[in-house]
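Asker: This is what each chain is made of:
Protein chains: 2
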Amino acid sequence: MTYCVGVLVDKGLVMLSDSRTNAGVDNIATYRKMTVWERPGDRVFCLLSAGNLAIAQAVVNLIEEWNGPDNRGDGGLFGVTSMFRAARLVGSAIRDVYEADGKALERHDQEFNASFLLGGQVAGGRTRLFQIYAEGNFIQASEDTPFLQIGEHKYGKPILDRAVTSGMSLKDATKLALVSMDSTLRSNLSVGFPVDLLVYEDGARRTRLRRTLDEDDAYFSDIRDRWSLALRRAYAELPDPDWFDETLAVIHDISDGKP
Amino acid sequence: MTYCVGVLVDKGLVMLSDSRTNAGVDNIATYRKMTVWERPGDRVFCLLSAGNLAIAQAVVNLIEEWNGPDNRGDGGLFGVTSMFRAARLVGSAIRDVYEADGKALERHDQEFNASFLLGGQVAGGRTRLFQIYAEGNFIQASEDTPFLQIGEHKYGKPILDRAVTSGMSLKDATKLALVSMDSTLRSNLSVGFPVDLLVYEDGARRTRLRRTLDEDDAYFSDIRDRWSLALRRAYAELPDPDWFDETLAVIHDISDGKP
Chain A
1 MTYCVGVLVD KGLVMLSDSR TNAGVDNIAT YRKMTVWERP GDRVFCLLSA GNLAIAQAVV
61 NLIEEWNGPD NRGDGGLFGV TSMFRAARLV GSAIRDVYEA DGKALERHDQ EFNASFLLGG
121 QVAGGRTRLF QIYAEGNFIQ ASEDTPFLQI GEHKYGKPIL DRAVTSGMSL KDATKLALVS
181 MDSTLRSNLS VGFPVDLLVY EDGARRTRLR RTLDEDDAYF SDIRDRWSLA LRRAYAELPD
241 PDWFDETLAV IHDISDGKP
Chain B
1 MTYCVGVLVD KGLVMLSDSR TNAGVDNIAT YRKMTVWERP GDRVFCLLSA GNLAIAQAVV
61 NLIEEWNGPD NRGDGGLFGV TSMFRAARLV GSAIRDVYEA DGKALERHDQ EFNASFLLGG
121 QVAGGRTRLF QIYAEGNFIQ ASEDTPFLQI GEHKYGKPIL DRAVTSGMSL KDATKLALVS
181 MDSTLRSNLS VGFPVDLLVY EDGARRTRLR RTLDEDDAYF SDIRDRWSLA LRRAYAELPD
241 PDWFDETLAV IHDISDGKP
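Sequence order for the protein chains is A and B.
Note that the working numbering gives residue 125 to position 125 of the first sequence, counting from 1, and the numbers run on in steps of one.
Note that the working numbering gives residue 58 to position 58 of the second sequence, counting from 1, and the numbers run on in steps of one.
These are computed hints drawn from the structure, not numbers from a lab.
Among the hints, a few may not be true.
As the list claims (entries may be wrong) - Here are the simulated lysine to aspartate or glutamate pairs, EDC-like style, with alpha carbons at most 16 Å apart:
#1 A:171 with B:96
#2 B:171 with A:242
#3 A:171 with B:237
#4 A:171 with B:242
#5 A:171 with A:201
As the list claims (entries may be wrong) - With the C-beta cut set under 10 Å, the calculated list includes, among others, these residues of chain B facing chain A:
#6 153
#7 154
#8 155
#9 161
#10 227
#11 230
#12 231
#13 235
#14 238
Since this is a predicted model, take the numbers as computed values, not measurements.
The beta-carbon is built from N, C-alpha and C at its ideal position, and this holds for glycine as well.
Using the sequences and the accompanying hints, generate a full structural model.
Answerer: Below, the structure written as structure tokens:
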């Protein structure tokens, strides 16, 4: 599995992905899940992928081809006029790969399992974030739901549910994405280092920051230790239940031989 | 879905379950997932169930029947000589239900989906906690892995991974289980109130505490608010990354028309 998260705030976009790929627990490899296409000053796209690695790589390769001037003739992602069109193009690539490989996967009882996050901005439009399904259709992040996740999303969701708001700074959104990733890394073996981070500032139309964080990255290690400590302290500070020492007045559900 | 967690510490056992049952999102009902069988001074069993409600109820009904003196003749759970034998008995009940219903479920492409947590103590043995699978076999909690979860377990796992230890008090284990439940309740609609709690003190062979917590339970509400606040504060206190304001020296992965 994998874990990828995108956070869309008023100020821009944070994209974060792990790099663990596994087929069972005895066949683990490192593959980056983040691909960036950028024409500085004009457009930035960041694509994160989860699911079957062969499908994800085929989709990225196809988009790369389409981006070439000789292929579809429209310049691919460098020709689209909006993020909506960009998401549709990614959807088309997924459907193209399904046409090519879907039947064969079916024959081997393999699901056509892939999902993508696409974030970025095209000159003239807003910064947007989409989640694109294996079917090729998609949903977008909104002010009410400012983050999207793919892959092993459950471990890292509680903190995002509680803390992400559209009005937060890019720096805060970055910290939250890292904390969410940390929860996932700790609780699930199939999500692993290194972690790829991209920060995009609305309106810039060029990447603000891109960084790969290894297990021994000083900042991320520090965050992880502090977060653990803070959680343990937070729980230690919770008040005791006043009913804890009540004597049990009634014994319930004694089904001593009486069905 | 559902969420159930059992925490086994040196001092005893905490069992916690939600009560949401759903078939799709438009057919939601409240069913308790906790069943307790107890002969004070001799033995206590607490069974939590997740998965297909019909299977879970059939298993509980069958065990109830077996507990009757007239049925199997061995007294069922009131006749077993150890927790290991009790877990085997639950496994037998699951297999019996599979014999009765498995084929029919298969015909309708329904998985035989059920899992159980069984905790308790029988006179002469230790307090133990088991997770029993749909196949009827089981694993037990240990000092290294002092908690077991069934159902929607991922949201509530990070805090348990970080904080549960065998040496902690029953009160602390109760608080942790509640915090873990809170994370799940907040992030997943298919897990819902009321929540059933049982606390068992090692050696007592009678239930220490049993309580049903509704959404408006003063203590649980307080815990939930404090926990949210503590998480947000913990994240706000994280240091900023020193690399955040670095200028991006190199633009990576520009695939401007070059596949």
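Asker: Please go over all the hints and tell whether each is borne out by the structure.
Answerer: Quick rundown of the hints versus the structure:
Restraint check for residue 171 of chain A and residue 96 of chain B: the C-alpha separation of about 56 Å exceeds 16 Å, so the hint is violated. Note on residue 171 of chain B and residue 242 of chain A: the hinted pairing holds, with a Cα-Cα distance of about 11 Å set against a maximum of 16 Å. Between residue 171 of chain A and residue 237 of chain B, the direct Cα distance comes to roughly 13 Å. Compliance with the 16 Å bound is thereby established for this hinted pair. The suggested pairing of residue 171 of chain A with residue 242 of chain B holds, with an alpha-carbon distance near 11 Å, which does not exceed 16 Å.
Distance hint between residue 171 of chain A and residue 201 of chain A is fulfilled; the C-alpha atoms sit about 11 Å from each other, no more than 16 Å. For residue 153 of chain B, the interface hint holds, the least distance from its beta-carbon to any beta-carbon of chain A being 9 Å, beneath 10 Å. For residue 154 of chain B, the shortest C-beta to C-beta distance to chain A is roughly 3 Å, which falls under 10 Å, so the interface hint holds. The closest approach between the C-beta of residue 155 of chain B and any C-beta of chain A is roughly 5 Å, which is under the 10 Å cut-off, so the hint is satisfied.
Because the closest C-beta pair between residue 161 of chain B and chain A is about 5 Å apart, less than 10 Å, the hint holds. Checking residue 227 of chain B against chain A: minimum C-beta separation of about 7 Å stays under 10 Å; hint holds. The closest approach between the C-beta of residue 230 of chain B and any C-beta of chain A is roughly 3 Å, which is under the 10 Å cut-off, so the hint is satisfied. Hint on residue 231 of chain B holds. Least Cβ distance to chain A is approximately 6 Å, under the 10 Å limit.
For residue 235 of chain B, the interface hint holds, the least distance from its beta-carbon to any beta-carbon of chain A being 6 Å, beneath 10 Å. This hint holds: residue 238 of chain B has a C-beta 5 Å from the nearest C-beta of chain A, less than the 10 Å allowed.
Violated hint: 1 only; the structure is consistent with all others.
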